[in-house]
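*Asks:* This is what each chain is made of:
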Amino acid sequence: MGEFAMGQPVARFEDPRLLRGGGRYIDDLVLPNMAHGYVLRSPHAHAKILSIDTSAAQKLPGVLAVLTGQDWADSTFADLPTATGRKRRDGTPMYRPPFPGLVKDRVRYVGDCVAFVVAKTIAQAMEAAELIEIDYEPLPAITSTADAILPDAPRVWEETPDNIHFVHTEGDKAATDAAFAKAHHIAKQRLVLTRVTAASMETRGAVGDYDAAADRYTIYSPLQRALVFRAELMTTLRVPESKIRVVAGDIGGSFGMKSGVFNEVGIVLLASKIVGRPVKWISTRSDSFLCDAHGRDNVTDVELALDKDGKFLGMRVKTIAAVGSYTQPGSESGPVGNLGTLAGVYTTPAIDVDVTAVFTNTNPMRPYRGNGRPEAAYVVERIIDVAADEMGIDPVELRRRNLIPPEAMPYKTALSFKIDCGEFEKNMDMALVMGDYAGFEARRAAARKRGKLRGIGVSNSIERAAAPGFEGSEIRFDRTGSVTVLSGAVTQGQGHETAFKQIVCDDLGVSPNDVHYLQGDTDQVFFGEGTGGSRTAGIGGSALKMATTKIIDKAKKIASHMMKVDDVECVEGLLTSRSSNRSMTMKEIAKASLDPKNLPVGMEAGLNASAVYTAHVQNYPNGTHVCEVEIDEETGQVELVEYNVVDDVGNVINPLLLKGQIYGGVAQGVGQILMEEIRFDPESGQNLSGSFMDYAMPRAEHFPHITVKSSPVPTQTNLLGVKGAGEAGCVGAMPALANALVDAMSHLGVKHIEMPATPERVWRTMEAAKAARA
Amino acid sequence: MHNFNYHLAADVQDAVAKLSKSEDGKIISGGMTLLPTLKNRLSAPSDLIDLGNIDALRGVVVSKTEVTIKGMTCHADVAANADLQRVLPALANLAGIIGDPAVRHRGTIGGSVANADPAADYPAAVVGLDGVVETNQRRINGDDFFISLFETALEPNEVITAVHFKVPDAAHYMKFRHPASGYAVVGVMVARYGKKVRVAVTGAGPNVFRVPAMEAALEQNFAPEAIANVAVDADDLLGDMHCSAEYRAHMVGVYARRAVAAIVG
Ligand SMILES: Cc1cc2nc3c(=O)[nH]c(=O)nc-3n(C[C@H](O)[C@H](O)[C@H](O)COP(=O)(O)OP(=O)(O)OC[C@H]3O[C@@H](n4cnc5c(N)ncnc54)[C@H](O)[C@@H]3O)c2cc1C
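Note that the protein sequences, when read in sequence, are chains Z and R. For the first sequence, the residue numbers in the working numbering are 800 to 1573. For the second sequence, the residue numbers in the working numbering are 887 to 1151.
The hints are simulated quantities; they were obtained by calculation from the structure and are not laboratory data. Note that the structure is predicted; figures quoted are calculated from it, not measured. Hints should not be assumed to be uniformly reliable.
DEER-style ranges, computed between Cβ atoms [said to hold, decoys possible]:
#1 R:1023 / Z:936: 48 to 58 Å
#2 R:1035 / Z:1487: 17 to 27 Å
#3 R:1109 / Z:945: 43 to 53 Å
Note that beta-carbon positions come from the ideal geometry of N, C-alpha and C, so glycine has one too.
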């Protein structure tokens, strides 16, 4: 196996550069004559803007422009793109609220963009922003997702008196009702999926640069899908896409959050056009809590019907999900795009899902790592534990009775998934051995002697990865045989550079020192849909595989021509002829390919290839998490003491990258279950968790060693046999940990605990259970 | 950040002189609290007088009966002091769990005590270890120093030069860290001086406070069970979205017992 072959733990090529401060993040960008902008945001969750006076601000030294909603409305720009395609319960199209860069007469969340000051320095811009006088008439606000549909809830948009954005149903209601009618037992639980924020290490930012001479816009901004971003931005700028260049640079985390075209992107471009300079806007950390899109936030009622042996007969899921105050393309996907995960790895024959998406006076919502997958996995895996507890069946045994067996593949679940492959019982058994499930009761008893309540939790999960779509890739050999690799994918930290270089170096036998990876620049990358939804290894990797295959085919022809043989083989990039015992390296072929005498008649010079891979079906990464917690009975403090994961993400390109993805995903899931939460004051609608002094993030000290083992069942859905890996960790972690917490307290009569399970909440849950027993 | 004049003080006298001369000046030590408020434009002093160059304000002096920590000593230096670890480990440990490493290498005892954040750790030591706050003008008893939320006995142009602690027979500090900030949601210092006992609580209330009922019970019988039934009143405590007053009251009891248990061994 070659040094860079599939499965080799190649250390990340990008790290030396990034760790030494060589990254080029958005705030590192400095353009000649660049001005700086500051967004003045709404201090109210809901208010009318009665008047705005910017005259004092305009007069301050250094100020170049002060833009308001009126300037946006008067500009050539259209509003920002919004979500499409969903309907209300009565079948009428959903209301699509306008999404201007700057609002004119009404603010709808704390953080809404009201004015933009452009000055020579950011200090001048901030100074001037303080001089803008705005007369607000505060209105009642609604920030609670569950309460948004109450008849007397304040209206976010006049056009939707019930605050309902859209309704989505999935599954088979009649069959589910019939299943419930013959149930031996029905388990029910309300589950609140809290609102969290991505808190990416790099905050958002944008530099807009309008070139008046060429009538062309360049936007520099962290994002996930450069070419899709350009297509969306085109609708706002009202110019052909070719008049727009989008450049992403290095990206310090996104998790879905940076995937949209945000207000500030439109605003810096408008400002640049007006002041005739590049204009930079950078979100401070405080800004990021106020104005970043948030994730999750739904309230779900789930019911599971079982027969007397614990066979799942049917499941009902009713969800109210927040979309926030405005929508963007893709924001509708969080509540509905990944409901398939609700069916889990089980044979449940009938499922009925009903989702109501509601407007609230809160930040817009975006996909957040898993984008509905962790939410759905949490729902199914929690209700199984609730049912197991109520029926007195071991939760692992209950799962086992309902698993889809490998012989049943391909398997069509009661929801949207048509699972191509997977060995779920094997995953579960492997994880149970790793986590010594059999020996758990002894550990529980030992912990009890130390005053600790120990619990174990298991989750099986499955999700859709690499949804049908395309990705582009390109390989360019230059005159001296070094290589530039381009991809339409956009790494936000996942390590695309490493995975892609591995493929290229292994297939073409070139040295990584000779390979440059380039992404995220729409003037360079010809085609692509970008990174998200665990799609890049499968789709982007396959696109690159297509390109290396094209290169190899061409190289073979050139080698045959040059060596005058017809038996050229390519092994790890070396072009070899057995009959003549001669060989050439890819580098030699690349150099030779620029001399016409080396080429067969009619062949184009040069060794370049581009490819677009089309994925027709998704794949289904799956796995089992087993974790253990210890709860301090007196204080409610939780310690995560054991964590084991078995994942089936198909073939593993690089186990180091994979483990990094799983660890990070687990950390995000654990963060949400134990500590993270965006909270709003119910009266004022103010964001109460607006800084890292209040918004708790998980840290290394909160984790034990996480053991990750792979149990790959390669998929046939792409050229590499890989399934997605980016979201899997987060999907499995939330339910496994929640189940462990409840298990630790279940002898007290505890049936469920909401997230985040802060020490006080755990303590109160135990106290309430004890009081109920007494 | 608003504009301000910056001064590097040569010594304490110079700092006080510059402070008195300025319109609305402020001392800056580690800047861990002051800088964020400046950056968020929540405070706009006319002048900043930096104590960073005054070496005489740095250091830990340990004797058998007293520990003196000079005003500009950072938390990390307190935590790492070998003499202190031997003579009064509770204080070294307290300094070692303030915030994170970056904060511990910048933040100072003078700044912490002067700031009187209700969730800061040092106040539990100043009160629990019978401390004395020394300034350029006078010595203030620990028990009289903290007035209320972010309010101390300091006069406008007074600079903290050192904090003195009485070495107890035994002491232990227990802290429930805020999951986001690392500050004390509840911090309890229990110290035994012969027959006398001090129990000082930070984080839980608007101001550090002693718990006389616990002290009396422990003076009778220095054992966790002695205070099993001594509760602090939740009505006097802080409640916020992270922890209610009731939970804080509960935690004061738990942590006081655990501190005693740790001392008894
Ligand atoms: C992320 C973070 C986490 C933290 N966690 C904790 C924690 O867990 N526990 C804890 O106790 N603290 C914590 N802190 C606070 C920190 O430990 C410092 O003690 C605190 O910020 C003040 O010290 P400083 O030297 O930085 O003071 P500065 O920020 O420089 O000054 C603070 C105030 O004190 C005044 N001042 C400073 N020095 C003197 C002096 N010698 N005499 C008179 N007035 C003076 C200043 O004028 C200012 O008003 C945390 C801080 C941060 C940023």
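*Asks:* For every hint, state whether the structure bears it out.
*Replies:* Structure-based check of all given hints:
1. For residue 1023 (chain R) and residue 936 (chain Z), the hinted distance range of 48 to 58 Å is satisfied, since their beta carbons lie about 52 Å from each other.
2. Remark: the range hint 17 to 27 Å for residue 1035 (chain R) to residue 1487 (chain Z) is upheld by a beta-carbon distance near 19 Å.
3. At about 49 Å, the beta-carbon gap between residue 1109 (chain R) and residue 945 (chain Z) stays in the expected band of 43 to 53 Å.
Of the numbered hints stated above, none is contradicted by the structure.
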